[in-house]
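Visitor: I would like the entire structure built from these sequences, with the hints used as guidance.
Line by line, the protein sequences give chains A and B. First residue of the first sequence: 1, per our numbering; consecutive thereafter. First residue of the second sequence: 1001, per our numbering; consecutive thereafter.
Source of the hints: derived by calculation from the structure; they are not laboratory data. Errors might be hidden in some of the hints.
Claimed, not checked - For the chain A half of the interface with chain B, some residues (derived, Cβ under 10 Å), not all of them:
1. P47
2. F48
3. S49
4. L99
5. S122
The C-beta atom is built at its ideal place from N, Cα and C for all residues, glycine as well.
Now for the letters of each chain:
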Amino acid sequence: MTRIEKAFARKAFIPYITAGDPSLEITCDLVLAMAAAGADVIELGVPFSDPIADGPVIQRATERALNHGVTLPKVLQLAKEIRKQSQVPLLLFSYFNPLLSYGLERLARDAGEAGIDGVLASDLTVEESEPYRSIMQGAGLDTIFLVAPTSSPDRLRKIASASTGFLYAVSRTGVTGEQLELAADLKEFLGTLRTYTQLPIAVGFGISTPEQVRAVWQEADGAIVGSAIVKEIEKHIGKRDLVDRVAAFSKWLRA
Amino acid sequence: MSTKGHFGNYGGQFVPETLMHPIEELEAAYDAAQRDPAFHARLDDLLRNYSGRPTPLYFAERLTREWGGGKIYLKREDLNHTGAHKINHCLGQGLLAVRMGKKRVIAETGAGQHGVASATVCALLGLECDVYMGEEDIRRQELNVFRMKLLGARVIPVSSGSKTLKDSINEAMRDWVTNVRTTYYMLGSVLGPHPYPTMVRDFQSVIGREVRVQIIEKEGRLPDVLVACVGGGSNSIGLFYDFVQDTQIRMIGVEAGGRGPKLGDHAARFAGGRPGVLHGTYSYILQDADGQVVPTHSVSAGLDYPAVGPEHATLHDTGRVTYTSIDDTEALAAFNELCRLEGIIPALESAHAVAQAKKLKLSPDQIVVVNLSGRGDKDVAEVMRLIG
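Guide: In C-alpha cells:
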C-alpha cells in the first residue's frame, strides 16, 4: 500500500497550493502547518505558463510563482526540505509540458528521491499516458488521473485502470474555482464511478466550505480544496500571520 | 502513445478529461459528415456561391519582371469573402456545429481574420458567437473587432499573459471546458487536439487542389516551388497538402522572424523551439529550459504564436517542407512592394511569404506559387503607425 493509499484510512482532506506562492519558503511552512492541521495529502502545484484548466484564482497564483522564478527543480528541492520534517503524502500537480521538458525518466528518479508520492498532469489524457505511466509507476510514484462528469463509461474504465493511489473526480464541468453549491448530479456520477474502481475517490473543483467537504465525504473518500485555500493565501500575502491564517482556514475546512 | 491523430511523433490529444467526451463526439460527427454527400454538396455550394471560390491564381507580371527570377503566381485567398482563407474552415466547422445541434460557437482570434470568418459563418447559420481576442491584438486590429461586432458576435477581451493569440486560446479552452455540453469550439488553425489539425487541414486543402487545376490550365505543368506563411499553419497546409506526394516540388513555410533571433523576439518555432505540449497537441514550441512557453513577437498578429501545427512538425522533421523566417522589416518591405507593383494590399502575414519568394534564386522558366492568404485592409492602421 502506498503512502497516498494509506492516507485514505479515514475520510481524507486534500488541500492544493501552488508551490512558490508567495515564496518557496512560505510554501514549506504552509505544507507543514496544514499537515499539522489535519491535511491527509497535499497537492503541490508546479506552475505552468498556460494553465488552461484553471480559473482566475489559481491563474494568479501561477503567475506570482512564475514571476519569482519557480521551476520544477526548485519544487523538488522544496519537497526534500519538507521531507526532513514531515511524512505527509505529497502529490505533484501540473501540466504535461513542464514534466516532459524536465524529462520523464529524470523526473521519476528525482521526484522519488525527493520524497514525492504521486504525480498528476491535468492535460495528460489516458490515451497519451504511455510511457509516462510506466516510468512513474516504475519509480514507485502513484499516477493520478482526472475523471469528469462528461467521461463515458468506456473512458471511466480506462482511466480507472491507468490510475494508482486514488481517482480524482472533477465535481463539474469547468475550470478550477469556488462555487456556491455542489453539482446536483455529483452523487449519481460518483455512484457510477464506484462500479469501475476499487481505488479511493477524491472529489475536487469548487469545494470551499466545511459543509461542502462533509457533503463530499458522504459520497467519496476524500475532498480536495484548491482555489479557496489559494485565495486565503492571496488575501494574506505580505502579512506576518499568513501561515497561521491559512492553517486555521484549512483546519476549519476539515472540521 | 496511441496512434490516433498523430503525424509521426506529433499531434495527439492533450486536454483536461472533461473535454475528451466533446472531442470524441466531434470526431464521430466529422467522420459521419465526411461520408455524407449532402454535407459536401452544401459546403461546396457555400464555398462557391457565398465565399467566391475558386479563388483566382494570378500571374504577378510586374513583380516577376522586377525580381527577375521565376514566374510568380499569387493564389488569391485574399479575394475570399471576409478577406482571408479562414472562411474555408469556418464554413466547414459551422456546418458541423449545426449537424451536432450546437447553438453556440466560441472562437479565438489573433489577427481577427478567423474571428471575422467565425462571426460571419455564425451569422449565416444563425449561431450565437463569442470570440476571444487578446487586448494587444484588439489594439492592433481595431477594424476587425468592429467587423465582428457588426456581424453580431461578442468580442471578449483577454488580458492574461501576453494578451495575444496564445492567451485567447487559453480562454477559449476554459470556456469550452465550462460549457462543453452546449458549445462548439471553432478552432482557427491546424492546432489543438485531434481531430482539429486533420479536420481544419481537410477544409483548407481546397486551396492546393484548386492550384493544381489552375496552374495546369495556365502553364501546362505543376509549379516548382510553393511558398506560404506559417502561424498555426492553416493556409500553408491548405496549399501544401495536395502536393506532398509530388516530391519534385519544393515547399517553403515562412515563420515570423520578428525583431530578431533572440527568444521572445520572434515566432520562428522551428529555428528557436523544441517539441512540447501546448493547447492539446505535441509539436514544436517556443519554450524556456523549464518548459514554460515564452512570449513571441511579430508585426503580424496572425503569426504571433508560440506553437505550430503538428503536421508541420513532421513535415519539418522529414525534410519534405523547408521552414524559413522573415523578419518584421522584410515583411513590411514586401507589403509595400506588392502594394506598388501589383495594386494588392496583402495581409502582413501573407507579406512574409511574398518576402520569402523574393529571396528565391530561380531561373525565368521556373514557377513559384505564393499563397496570398489574406488581404491587408485590417493592417493598414498598424502599418501607418509603423511607417507613417
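Visitor: None of the hints should be skipped; say for each whether it holds.
Guide: Hints versus structure:
{"no.": "1", "hint": "P47", "in the structure": "holds, 8 Å"}
{"no.": "2", "hint": "F48", "in the structure": "holds, 7 Å"}
{"no.": "3", "hint": "S49", "in the structure": "holds, 4 Å"}
{"no.": "4", "hint": "L99", "in the structure": "holds, 8 Å"}
{"no.": "5", "hint": "S122", "in the structure": "holds, 6 Å"}
In summary, the structure agrees with every hint in the numbered list given earlier.
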